[in-house]
Each structure stands twice: as structure tokens, then as C-alpha cells.
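Trainee: Sequence:
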Amino acid sequence: MKRRLLNVVQALRPVKTKFPLIRVGGKNDGGYLVPDDLSGVVACFSPGVDVTASFEKDLLSRGIWSHLADASVDSAPDDLKVLSFEKKFLGVVNDDEYMTLEYWVRNKDAGTGDLILQMDIEGAEYQTIIATPMDILRRFRVIVVEVHNVEAWFNNPIAWETMQDFFCKMLADFHVVHLHPNNNCPFIDADGFLMPTVFEMTLLRKDRAIPEGFCDTFPHPLDQPNVLDKPDRPLPEGWYK
Numbered sequence: 001m002k003r004r005l006l007n008v009v010q011a012l013r014p015v016k017t018k019f020p021l022i023r024v025g026g027k028n029d030g031g032y033l034v035p036d037d038l039s040g041v042v043a044c045f046s047p048g049v050d051v052t053a054s055f056e057k058d059l060l061s062r063g064i065w066s067h068l069a070d071a072s073v074d075s076a077p078d079d080l081k082v083l084s085f086e087k088k089f090l091g092v093v094n095d096d097e098y099m100t101l102e103y104w105v106r107n108k109d110a111g112t113g114d115l116i117l118q119m120d121i122e123g124a125e126y127q128t129i130i131a132t133p134m135d136i137l138r139r140f141r142v143i144v145v146e147v148h149n150v151e152a153w154f155n156n157p158i159a160w161e162t163m164q165d166f167f168c169k170m171l172a173d174f175h176v177v178h179l180h181p182n183n184n185c186p187f188i189d190a191d192g193f194l195m196p197t198v199f200e201m202t203l204l205r206k207d208r209a210i211p212e213g214f215c216d217t218f219p220h221p222l223d224q225p226n227v228l229d230k231p232d233r234p235l236p237e238g239w240y241k
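All letters in the sequence shown, in the order written, are residues 1 to 241 by the numbering used here.
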């Protein structure tokens, strides 16, 4: 197991590119580090709606409007102007409660320009991405996704296979450029290897930049704890050394 886990972690090792990382959104939960390559991005798709939406507000200040979706709330935050809001969850079917990422993007007439995806959907990210055709994923120049339920990888063979399919699909066309553990969630010891159970991952489409070595400083100077009442948990050294 440890060797298989190391293979996964090594594949996720963040790389440096010509684009420095910038922080988009608030100082704590809801803010994310992304490459400074947003010029020309025409829209953001943001499933999982927070009460503050600081990420989407920051993008709007840069001229990037957002499509939002979440079945657990009735609307986008009142103080945020959006292109659209769908009262649905993302998933693998299209019905009264769920829609696929493919359906959402195709039916919002997103034009031909690049998009950004910011996804925090409490574990549904795995099947959502696996079910998404590559031509839709390639529409996104930048993807920010919160990866959940890492503890399930080690006690559920189906979860392990699903995780592998998820990362294999993402890494086919994207570089990992940043990782940050969510300090509101515990770490686990997996056969002597320290694992955050939830972490943020930022990806940049491979045609945008050639890797210039690996990132070796964590936390990044712009990283912030997700919650203020708990100490921040930096990415364990085994993830980048």
C-alpha cells in the first residue's frame, strides 16, 4: 500500500510554471491560490455555493463572471452578480436534483473562450470529473477543486479505484500547481505516511505552460488557514520532497 500511495503522491507533486501563484478570494475559507494566467478567461463555473462567495467576487472584479450551482441553497449570495444560478447538485445524471458538468457547460452557451472551474462539492468531485468528457474538461484553463474523503481510499477498494480514475483523468491534460490541506479536517497516518483527509488542489492546463521544476516551499506565502480557530497544517514534506 505504501508504494502505491507514494506513486499517487508523486504524481500530484506541484510544479512551478512561468505564472506565479496569486490569491483569489478571501484570506481564509473560500480563497484559493491560482496561477496568474486569468487574462482571456471568459467565465467561471462554480458548483458549491458559500454564503460569502469571495472567490467569485474577486473574479468579477477582474471582469470574469460566474455560473453558480447548488441544490442546498435557493440562490446566489444577494451581494454577488452572476451570469446564472442553478438549484442543482453536480453528479453523473441529469434530473430534477442533479446535472452533469457536461450538461451545465453545454447548456450555458459558454462560447469558445477558456473557462475556470472552482469546485467544492463534498466528495462528489470524483464521479463528476470521471463522468465529464475530455473536451469539456479542456475548456477549463484553471481548475480549483477541494478533494474530500481521503480516508476512504484506504478502507474501500472501490474508493481507491475511483480516486485513481479521478486523478488519471485530471492529470492527462493538467499540471498540479498547488496543494493546500484544509486545516478544519484531520490528518491520518496511512502506513506511516501522513495524509490530509481534505485538501485543495489547483491545476493548470498543460498547453499554458511548461513545468520549471517542482515547488519546494510549503506553505506558500499566500496560503491561509481555512478556519482561524485551529492551527494551520502545512503540506507534509513527503508530498513534495
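Note that these hints are calculated values from the structure, not bench results. Hints should not be assumed to be uniformly reliable.
Result set (SDA-like, lysine to any residue): computed pairs, CA atoms no more than 20 angstroms apart in a straight line [said to hold, decoys possible]:
(1) 169 / 65
(2) 81 / 93
(3) 87 / 123
(4) 169 / 187
(5) 88 / 127
(6) 18 / 171
The model shown is predicted, which means the values in this text are computed figures rather than measured ones.
Trainee: Please go over all the hints and tell whether each is borne out by the structure.
Mentor: Hints, one by one, checked against the model:
no.	hint	verdict
1	169 / 65	violated, 27 angstroms
2	81 / 93	violated, 28 angstroms
3	87 / 123	holds, 18 angstroms
4	169 / 187	violated, 25 angstroms
5	88 / 127	holds, 16 angstroms
6	18 / 171	holds, 19 angstroms
The structure fails to meet hints 1, 2 and 4 from the earlier list, while all remaining hints are met.
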